[in-house]
Amino acid sequence: MADVNRGNRPLSPHLSVYHFSLTMFTSIMHRITGVGLTLGLVLVVWWFLAASTGPEYFETANAVLTSWFGIVILVGSLWALWFHACNGIRHLLWDVIIGLEKQLAQSTSVVVLVLSVLLTILTVVIV
Amino acid sequence: MSFLTDRKRVTGLGSAKDGTHHFVTQRVTAIALIVLVILFVLPFAYNVGESYDRVIEAYSHPINAIIAMAFFITAFLHLKLGLQVVIEDYVHGPFWRNFLLLSNTLFCWLFGLTGVFAVAKIAL
Numbered sequence: 003m004a005d006v007n008r009g010n011r012p013l014s015p016h017l018s019v020y021h022f023s024l025t026m027f028t029s030i031m032h033r034i035t036g037v038g039l040t041l042g043l044v045l046v047v048w049w050f051l052a053a054s055t056g057p058e059y060f061e062t063a064n065a066v067l068t069s070w071f072g073i074v075i076l077v078g079s080l081w082a083l084w085f086h087a088c089n090g091i092r093h094l095l096w097d098v099i100i101g102l103e104k105q106l107a108q109s110t111s112v113v114v115l116v117l118s119v120l121l122t123i124l125t126v127v128i129v
Numbered sequence: 018m019s020f021l022t023d024r025k026r027v028t029g030l031g032s033a034k035d036g037t038h039h040f041v042t043q044r045v046t047a048i049a050l051i052v053l054v055i056l057f058v059l060p061f062a063y064n065v066g067e068s069y070d071r072v073i074e075a076y077s078h079p080i081n082a083i084i085a086m087a088f089f090i091t092a093f094l095h096l097k098l099g100l101q102v103v104i105e106d107y108v109h110g111p112f113w114r115n116f117l118l119l120s121n122t123l124f125c126w127l128f129g130l131t132g133v134f135a136v137a138k139i140a141l
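First to last, the protein sequences are chains D and V. With the numbering used here as the guide, the letters of the first sequence map in order to residues 3 to 129. With the numbering used here as the guide, the letters of the second sequence map in order to residues 18 to 141.
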């Protein structure tokens, strides 16, 4: 098998052959938001560590988190969190064979996207 | 010498070597996080940008402190399992795959413990 030429064969998965679908989009976003939330979580831990260290260090961390850059990451993480949570509930329901029908799965994609934006706005407004 | 039969040793473990442990833990932490995320994020978002004294006072309260610790433990466990799947899916080749899997485990434990330590220090 060592002398077989494998270089010109098409490789799986053939990502370019799929046309765009909402369920595909939310599935990909679930992964991206999950990985992205690492950054938000690390920032939050850093903020707590700074608060536990003392007032001076806390001011530094607080200044970073409340700068425009910090706000962008925090609000972005907030949306990622609500999306990942809502879509995660969708995945948990799929695990017990609820909502797997094609039309329903597509509708719940839209529900999750809209709900995550609404929850983000709601959270920013009430705090 | 083991008194287990060969059949008993392998039953249910499958090709992943740890059976359904990863799958089940991912879902158990997910269910816990639905509740913990709401309980953690609202007071946290409320306290970001507040003064040092207000933040220390808020997280000196046992309810806030216990929720924050439970959130950090559960979130970093869930994160570790999730990142592990992403690495297993996309990173091939023995060196980088094992390097990243090991780094992921150490990273999540380090930051999870740091979060718990920080909240404990504030609360106590």
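Hints are computed from structural coordinates only; laboratory data are not their basis. One or more of the hints may lead you astray.
To give a feel for the contact side, a few chain V residues facing chain D, derived at Cβ under 8 Å [unchecked claim]:
| # | residue |
| --- | --- |
| 1 | Arg26 |
| 2 | Val54 |
| 3 | Val65 |
All of these numbers come straight from a predicted model, not from anything done at the bench. Glycine is no exception: its CB is placed at the ideal position from the N, C-alpha and C atoms.
Results for each hint:
This hint is violated: Arg26 (chain V) has a C-beta 28 Å from the nearest C-beta of chain D, more than the 8 Å allowed. Residue-level restraint check for Val54 (chain V) holds (minimum Cβ-Cβ distance to chain D is 6 Å; threshold 8 Å). Interface hint at Val65 (chain V): satisfied, since its Cβ lies 6 Å from the closest Cβ of chain D, which is below the 8 Å cut-off.
Taken one by one, the earlier hints fail for this structure only at number 1.
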